[in-house]
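Make the full structure from the sequences, and use the hints.
Taken in order, these protein sequences are the chains called H and X. Just so you know, we're using my numbering here: the first sequence kicks off at 1 and counts up by one. Just so you know, we're using my numbering here: the second sequence kicks off at 1 and counts up by one.
Be aware that a few hints might be false.
The list cannot tell twin chains apart, which means a pair is met if one copy fits it or any two copies do.
Think about it this way: if two alpha-carbon atoms lie no more than 25 Å apart in a straight line, the pair counts; the simulated SDA-like pairs of lysine to any residue are [claimed, not checked]:
no., residue 1, residue 2
1, K10, E261
2, K258, V226
3, K37, G23
4, K66, K152
Derived by calculation from the structure, the hints in this document are not laboratory data. Computed from a predicted model, the values in this text were never measured in an experiment.
There are 2 protein chains.
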Amino acid sequence: VWNGLSGLRKDNTGYDLKQMFIGAEGTLGVITGACLKLFPQPAAHAVAWVAVASPEQAVDLLALAKARTGGQVSAFELVSGFALGLVLQHVPDVRDPLPSSAPWRVLLDLGIADAAMAEPIMERVLAAAMEAGLVEDAAVAGNQAQAQLMWKLRESVPIAERAYGKAVKHDVSTPVSRVAEFLLRAGETVQSVSPGSAIIAFGHVGDGNIHYNVSPPPGLDGDVFVEGLGLRVTEAVHDLVTQLDGSISAEHGIGRLKREENARRKAGAEIELMRAVKRALDPDNRMNPGRVL
Amino acid sequence: VWNGLSGLRKDNTGYDLKQMFIGAEGTLGVITGACLKLFPQPAAHAVAWVAVASPEQAVDLLALAKARTGGQVSAFELVSGFALGLVLQHVPDVRDPLPSSAPWRVLLDLGIADAAMAEPIMERVLAAAMEAGLVEDAAVAGNQAQAQLMWKLRESVPIAERAYGKAVKHDVSTPVSRVAEFLLRAGETVQSVSPGSAIIAFGHVGDGNIHYNVSPPPGLDGDVFVEGLGLRVTEAVHDLVTQLDGSISAEHGIGRLKREENARRKAGAEIELMRAVKRALDPDNRMNPGRVL
Numbered sequence: 001v002w003n004g005l006s007g008l009r010k011d012n013t014g015y016d017l018k019q020m021f022i023g024a025e026g027t028l029g030v031i032t033g034a035c036l037k038l039f040p041q042p043a044a045h046a047v048a049w050v051a052v053a054s055p056e057q058a059v060d061l062l063a064l065a066k067a068r069t070g071g072q073v074s075a076f077e078l079v080s081g082f083a084l085g086l087v088l089q090h091v092p093d094v095r096d097p098l099p100s101s102a103p104w105r106v107l108l109d110l111g112i113a114d115a116a117m118a119e120p121i122m123e124r125v126l127a128a129a130m131e132a133g134l135v136e137d138a139a140v141a142g143n144q145a146q147a148q149l150m151w152k153l154r155e156s157v158p159i160a161e162r163a164y165g166k167a168v169k170h171d172v173s174t175p176v177s178r179v180a181e182f183l184l185r186a187g188e189t190v191q192s193v194s195p196g197s198a199i200i201a202f203g204h205v206g207d208g209n210i211h212y213n214v215s216p217p218p219g220l221d222g223d224v225f226v227e228g229l230g231l232r233v234t235e236a237v238h239d240l241v242t243q244l245d246g247s248i249s250a251e252h253g254i255g256r257l258k259r260e261e262n263a264r265r266k267a268g269a270e271i272e273l274m275r276a277v278k279r280a281l282d283p284d285n286r287m288n289p290g291r292v293l
Numbered sequence: 001v002w003n004g005l006s007g008l009r010k011d012n013t014g015y016d017l018k019q020m021f022i023g024a025e026g027t028l029g030v031i032t033g034a035c036l037k038l039f040p041q042p043a044a045h046a047v048a049w050v051a052v053a054s055p056e057q058a059v060d061l062l063a064l065a066k067a068r069t070g071g072q073v074s075a076f077e078l079v080s081g082f083a084l085g086l087v088l089q090h091v092p093d094v095r096d097p098l099p100s101s102a103p104w105r106v107l108l109d110l111g112i113a114d115a116a117m118a119e120p121i122m123e124r125v126l127a128a129a130m131e132a133g134l135v136e137d138a139a140v141a142g143n144q145a146q147a148q149l150m151w152k153l154r155e156s157v158p159i160a161e162r163a164y165g166k167a168v169k170h171d172v173s174t175p176v177s178r179v180a181e182f183l184l185r186a187g188e189t190v191q192s193v194s195p196g197s198a199i200i201a202f203g204h205v206g207d208g209n210i211h212y213n214v215s216p217p218p219g220l221d222g223d224v225f226v227e228g229l230g231l232r233v234t235e236a237v238h239d240l241v242t243q244l245d246g247s248i249s250a251e252h253g254i255g256r257l258k259r260e261e262n263a264r265r266k267a268g269a270e271i272e273l274m275r276a277v278k279r280a281l282d283p284d285n286r287m288n289p290g291r292v293l
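Rendered as structure tokens:
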């Protein structure tokens, strides 16, 4: 039993073993406790629903918001216009606070330490973004209910997506600076592999993490798509991610499903390093065998 | 050759190998490149020199400053009154901006995203700290030259210390919440082992990292102290750090000098894990042999 619950911010007394166990999916050992780093809760939130013309604008808006708030950006969620349309169609009791033909929306949530400053700071961020040509239009939540509606629109995307039908799903990340390029090129890639497919894209731009889901082309049954053409879509999307130095599993992990694909896509040296560590720490392969590696 | 320069904020495709190489002092491989995470430069800094009655007040002041600024604290440096006295005595062209009999000073540097807000935010932080009884007195730098003087006082501590004479030095950390307890108990510990020794303590409270240096008692030669009684002081200080779940090397590393002590103080399971990783990645022990492990 190793106790790694030190809670130290600085410690230079050896290898940072803890990081190896995080995300290992139990293949190196069983984690029985965690030590959390806490941050003060912001005194107030200012929430806005912003129409942007492109993912590039969204990434630039994020950089502007971080710089102007000293990093007090609690959430920055990108939603495609198509995904928003599905929410408005399939989820009860929602409406678009900002009717716009712009192809993308951003949910911008600032968590501000000084409650009196939350609104003025949001206004200044949006004014600067407007001036820089990064924003088509924006609605600022005037009260808690309006802020909750904006969050509901974002959080209902997976529900609306299930109501819409089957899709192949990708939990990918790229460096933040390449999110816009990924979305542009992925759109072209999908259309060339599966013409007519709809794309339901949403995600955490600040982490470079996009949930990029692709529905069947019109007329093709969902199950048939997922077992056939959809596999080729996934291969093409993951090829693009790999080319952009991204990850084919930003949040969800490898498990059994992506094990072979991960081994195939990762550099041989990295897989060998991981296997060497696994053999060293679990020579009898007793820890969650058959996962990850 | 493994390329770990991914720059991804989220990646769940295996073990986080990069963290293992950081701080391994070359014992697992040679690092030839680094990928840096950058933050926007604050638009303005507000710097204050603050007199506090105890390390406990300093830790509480740090928590208050972080909460009131949304984390926009660029530096929070604690300096003991004794260390400050050495600087005033041995370093030319400095003066104390805040004559005070308080036993500790804090250099508080806020890096604020909105230049116009830097001064008002500093004023509000200090007013709230005064009201909470955390601050004895404070001077806010009115211009760049005054801010530089405050930084010079802090940065001259190691120079003044060398001018003062030999000392045994400790680069230790504890959880931030135990810094005050460490300083209180370490003072008692040192006096019981080496009565009359002066303590030169300074450091980065936000990281729980204190440079805790102890000079010879009056009348004892520096070299004699460092080779004799000073070793017992170090042992006692490190015993206390270990008891507080701290680190005997926060920044400086293990190298050859602390290798045996580190192996003795760390839990056996942790040393065994580290050795297993070392054997797996460097079976012939060619990478910086004799260091760390």
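Tested hints:
In this homomeric assembly, K10 and E261 come within 25 Å of each other (Cα to Cα) only across copies, at 18 Å, whereas the closest approach inside a single copy is 36 Å. For the homomeric pair K258 and V226, the shortest alpha-carbon distance inside one copy (16 Å) is at most 25 Å, but the shortest distance between copies (58 Å) is not. For a Cα distance limit of 25 Å, the shortest separation of K37 from G23 qualifies both inside one copy, at 17 Å, and across copies, at 21 Å. Proximity of K66 to K152 under the C-alpha cut-off of 25 Å is restricted to the intra-copy arrangement: shortest distance 23 Å within a copy versus 30 Å between copies.
Checked against the numbered hints given earlier, this structure breaks none of them.
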